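Chemist: Each chain is listed here by its residues.
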Amino acid sequence: MSTRRWLAIAEWRIINNESWMERIISVQVENKAGVLARVAGLFSARGYNIESLSVAPTLDPTVSMITIVTQGDDRLIEQIIKQLNKVIEVLKVVDLTESNFLDRETALIKIHTRPEHRDEAIRIADIFRAKIVDSSPTTYTIEVTGDVDKVEALINLLKPLGIKEIVRTGRVAIAREAAKIPTRREAQAAKA
Amino acid sequence: MAEGYAKATGRAGVVLVTSGPGMTNIVTGLADAYMDSVPLVAFTGQVSTNLIGNDAFQEADNIGISRPCTKHNVLVKDVGELARTIKEAFYIATTGRPGPVLVDIPKDVSTDKADFKYPEKVNLRGYNPTYEGNKYQIKQAAEEIKKARRPVIYAGGGAVFSDAASEIRELAEIAQVPVTMTLMGLGSFPGTHALCMGMLGMHGGYWSNMAMHHADLLIAIGARFDDRVTGKLSDFCPEAKVVHVDIDPTSIKKNVHAHIPIVGDVKAVLKQLNVYLRAMDGNQSDLKELRRPWREQIEEWKRTHPLRYEQGDKVTKPQFVIDRVFEMTHHEGIVVTDVGQHQMWAAQYYKGSKPRTFITSGGLGTMGFGLPAALGAQKAYPDKLVLCITSEGSFQMNLQELATAAIYKLPVKVVLIHNNFHGMVRQWQDLFYEGRYASSQLGNVPDFVKLAEAYGLLGLSASKPAEVEPVIREGLKHRGPVLMDFHVDPFENCYPMIPAGGAHHEMLLEDPPELRNADRGALAKKKDKDKVEEGEGVLPA
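Heads up: the protein sequence lines correspond to chains A and B, in order. The numbering of the first sequence is this note's numbering, which starts it at 1 and goes up by one. The numbering of the second sequence is this note's numbering, which starts it at 1 and goes up by one.
Nothing false has been slipped in among the hints.
Simulated pairs of lysine to aspartate or glutamate, DMTMM-like, Cα-Cα distance not exceeding 25 Å:
| id | chain 1 | residue 1 | chain 2 | residue 2 |
| --- | --- | --- | --- | --- |
| 1 | A | Lys32 | B | Asp108 |
| 2 | A | Lys92 | B | Glu132 |
| 3 | A | Lys32 | B | Glu59 |
These stretches of chain A come out as covered by chain B in the derived footprint (C-beta under 8 Å, 3 or more residues):
| id | segment |
| --- | --- |
| 4 | 71 to 81 |
| 5 | 84 to 97 |
For the record, the hints were derived by calculation from the structure and aren't laboratory data. Just so you know, these numbers come straight off a predicted model, no measurement behind them. Cβ coordinates follow ideal geometry from the N, Cα and C atoms, glycine included.
All chains should be modelled from the sequences, with the hints used to inform the complete structure.
Modeler: Here you go:
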């Protein structure tokens, strides 16, 4: 499905379905060949959307953590979690959106820098506590880490300077310990 | 064949094929087994480990190809892992919700040597199916059953696989609940029982679908609310609370909301449920009294809209053949069907009382399933009568297996409903596509009697209604494999029918008037004539 079409459907669903929202699901899997293909294949075969996905080993070298950002209402997410649990190599599935969590993403942004823009680029990077990690006579490469809003905001500010290339890691997330802040769901309910 | 064996016995069927084309040829079988939860272990050959990924001769990505149609699959790269992997494969295939498992073995691994160490126990940290249901939930279900006025038990394949026939019978009898079954569930409740309503769904009985529509409590047992069963979801069982028992959590609340979901093995859950039901106060005659109006209503539906066909003395009706075969074999023996109209008629007229005696391809609807599955079932039970109810469309998808029947002397009785059409396709074309018989006419080829004889089988044929019974009698008497070719009315349609997207109470019960009056024979002949002129078809006799 094209992204545009997906977004249109997502938008329609958000308007019409209160429980439709972005979810971050972390999936602990056996660190074996083909497991990622199985998880990704499950999403495509059943028509679930993957917004971002990241995989890396954990403390236990036999276990990997897959962090998937997807969208859905309660029923769909329940199905996704059940389907993931059914995969033999999946050890644990947690919908972090149900708890308080931290999420972070890193982006590397290569921008064109004409001489008159080089100072501006450094200023913008400073404001976002981003670092310039590579420089050439005509480009800077900026490294930024933060939540999605921060990364998006930085990208928007850099756009007028001319972005040459962006790579993003996709989001990783972890549950907060003993936080008293309302979860997103509770916040949404309070708003309504 | 392995599927037939597995479905008849409940033990894992085993498939052994070579690499590349050997593996790609079993994809349909794997997908079929995955849909119908059949325990299979498939061993596929693979090119040597040093050649994998090199486009070697007869190489295919077996793991990649089979991933979406297996419960699990593994490539064994080290012979030391082989024993453990095989143990795990059988464990995964046969436990929880059963399914096919593929073990891909490269050539060098299969010829390599290692010390044989077969593990005693399987230890898979990511796989631990739930067998015992949640006691609180089961108690809730018991309360609901006690209260309900119009309950229905809806039993699916899970009821057969978990050997829960006696538990279902007990439940139905203590709680006085009528039972309807899915295509896969047939056999889990005796067809002749007073509480039995037969099959439901697209071609289910009028009474069972009406009962579903008016029920106030639905007890789903090992069923997954397939679209052929539910019809229009928004109008499915509008008045019913749903109790759903299934070993696979993904089946629960997938299509239909369950008010009381119970994850667990059907047999274990029902045992517990029956204990609770027995312990509750109120005696059985009270319950019987409470449910009397409901049962009378169902009987009324049954009386006013029974399954029916009109058998004249000129043209044989397909239902007549199937009905006679079942009557003459006393609904005993193992019935294996192919896919299409004959399958639905077989399901409608089958009144068998034992689980694993009605073997068919449900979820995937694989034409060509019948003959090899019948051979597998016959191999498992050499002394039992195995009937293969098929039709010339399905049969010709795998008729090469007649050689297997002849070589291994497997005495299956093939009942071939010969209507010169892909009958179910023709039915849809007639009902929904203005009678455009595109690619659904098969012509009167081949001569199945000669074909059977060519393979060394006994071939029999009946073209008139009066010949049907003598042919069945002779066929059943023969000791070896038999092919009985019954020429039937090509335009008979299968009713009741819920049109795709319709609800349970929106059944078609007979041909609509415009179809009854149309001269379909002439239409078919005219179209066939065009084909003959183009040199591709043969006129039906």
